[in-house]
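Participant: The primary structure of each chain is shown beneath.
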Amino acid sequence: GDSVTQKEGLVTLTEGLPVMLNCTYQTIYSNAFLFWYVHYLNESPRLLLKSSTDNKRTEHQGFHATLHKSSSSFHLQKSSAQLSDSALYYCALSDGATGGNNKLTFGQGTVLSVIP
Amino acid sequence: AQTIHQWPVAEIKAVGSPLSLGCTIKGKSSPNLYWYWQATGGTLQQLFYSITVGQVESVVQLNLSASRPKDDQFILSTEKLLLSHSGFYLCAWSLLDQDTQYFGPGTRLLVL
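Protein sequence lines, in the order shown, are assigned to chains H and A.
If you're matching positions, the first sequence starts at 1 in the working numbering and goes up one per residue.
If you're matching positions, the second sequence starts at 117 in the working numbering and goes up one per residue.
Since the hints were made in silico from the structure, they are not lab data.
A couple of the hints might just be wrong.
Said to hold, decoys possible - Just a few of them, taken from the derived set where beta-carbon distance is under 7 Å, the chain A residues facing chain H:
1. 123
2. 146
3. 156
4. 159
5. 160
6. 162
7. 165
8. 168
9. 220
10. 221
Unchecked claim - Take a look, some chain H residues computed to stay more than 10 Å from chain A by CB distance:
11. 47
12. 87
13. 104
14. 108
15. 109
Stated by the list, open to error - Keeping only pairs whose Cα atoms sit at most 20 Å apart, straight-line, the calculated SDA-like set for lysine to any residue is:
16. H:78 <-> H:26
17. H:50 <-> A:211
18. H:50 <-> A:185
19. A:144 <-> A:195
20. H:56 <-> A:211
Every residue gets a Cβ at the ideal spot worked out from N, C-alpha and C, and that includes glycine.
The whole structure should be built from the sequences, with the hints applied where relevant.
Facilitator: Listed below in structure tokens is the structure:
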């Protein structure tokens with residue numbers, strides 16, 4: 001079945017340094033959608049980025065990610081971390097194979113902690 | 117604007133007792149609805165999905181059941197809780213296959 005791997009459980013960064021959160025995935029389906037969701041404490045998880053287009057950079061709120069189907073990766077990046085970026089980040093996959101079920105397969109999540 | 121509400125916010129229940137968690141979506145007609153669950157230290161797993169009233173499909177067997185009695189309502193329940201049911205339950209909706217899913221605030225459940 002589908003799987004998503006986020007190797008880092010916790011990333012601690014000093015404010016101003018670049019952010020890179022890793023995400024790799026496995027699916028047999030070629031038209032998969034990849035998502036990054038951000039979950040702030042005491043809020044609902046919300047969409048940060050999504051993509052289904054190979055080698056196209058997607059940007060939102062200072063974050064960006066590029067889906068690379070050749071390496072099955074969708075890493076999340078930001079040029080300069082801010083204290084307000086501290087949150088739990090999930091990478092997720094929708095393979096689109098099961099009609100009617102928009103099933104998301106989530107990674108384990110990466111806690112990003114930005115310190116002054 | 118669409119809103120998604122889950123109740124209760126948190127619950128502490130005894131093993132063997134019944135459970136009912138609710139989810140309501142306002143402002144959207146005929147959404148796809150989903151239940152997700154996260155055990156402590158685990159990842160989010162989809163439990164159920166529903167594309168229309170009265171139709172619910174199970175994705176993972178956890179001795180739980182779900183129902184969609186109204187277009188805007190999704191209920192997760194069991195007659196007998198297990199310790200392993202503890203965790204964080206999220207309800208979500210989307211309009212189309214592979215469309216963005218919007219999540220509710222979640223319910224934290226502790227089974228003792």
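Participant: State for each hint whether it applies.
Facilitator: The hints, checked one at a time:
Because the beta carbon of residue 123 of chain A sits about 14 Å from the nearest beta carbon in chain H, more than 7 Å, this interface hint is broken. The criterion of a C-beta within 7 Å of any C-beta in chain H is not met by residue 146 of chain A, whose closest approach is roughly 12 Å, and the hint is violated. Proximity of residue 156 of chain A to chain H is violated relative to the hint, the smallest CB-CB distance being about 12 Å (cut-off 7 Å). With a cut of 7 Å, the hint placing residue 159 of chain A at the interface with chain H holds, because the nearest CB-to-CB distance is about 5 Å.
With a cut of 7 Å, the hint placing residue 160 of chain A at the interface with chain H holds, because the nearest CB-to-CB distance is about 4 Å. Satisfaction of the interface hint for residue 162 of chain A is found here, the shortest Cβ-Cβ separation to chain H being roughly 5 Å, below the 7 Å cut-off. Checking residue 165 of chain A against chain H: minimum C-beta separation of about 5 Å stays under 7 Å; hint holds. Because the beta carbon of residue 168 of chain A sits about 9 Å from the nearest beta carbon in chain H, more than 7 Å, this interface hint is broken.
Among the interface hints, the one on residue 220 of chain A holds; its C-beta lies about 6 Å from the nearest C-beta in chain H, closer than the 7 Å criterion. Below 7 Å, beta-carbon pairs count as interface contacts, and residue 221 of chain A has one with chain H at about 5 Å; its hint therefore holds. Here residue 47 of chain H does not stay apart from chain A, with its beta-carbon only about 5 Å from theirs, under the 10 Å limit. Distance to chain A confirms residue 87 of chain H as a non-interface residue, since its nearest Cβ pair spans about 14 Å, more than 10 Å.
Non-interface status of residue 104 of chain H relative to chain A is broken: a Cβ of that chain comes within 10 Å, the nearest being about 6 Å off. A cut-off of 10 Å between C-beta atoms contradicts the statement that residue 108 of chain H is not in contact with chain A; the least separation is 5 Å. For residue 109 of chain H, the requirement that its beta carbon stay farther than 10 Å from each beta carbon of chain A is not met, with the minimum near 7 Å. For a cut-off of 20 Å, the pair hint linking residue 78 of chain H to residue 26 of chain H is broken: about 24 Å separates their Cα positions.
At roughly 16 Å between alpha-carbon atoms, residue 50 of chain H and residue 211 of chain A fall within 20 Å of each other, so this suggested pair holds. Under the criterion of a C-alpha separation no larger than 20 Å, the hint pairing residue 50 of chain H with residue 185 of chain A is inconsistent with the structure, at around 32 Å. This hinted pair does not check out: residue 144 of chain A and residue 195 of chain A have alpha carbons roughly 30 Å apart, beyond 20 Å. A distance of roughly 24 Å separates the Cα atoms of residue 56 of chain H and residue 211 of chain A; the hinted pair therefore is violated under the 20 Å criterion.
Of the numbered hints given earlier, the model fails hints 1, 2, 3, 8, 11, 13, 14, 15, 16, 18, 19 and 20; all others are met.
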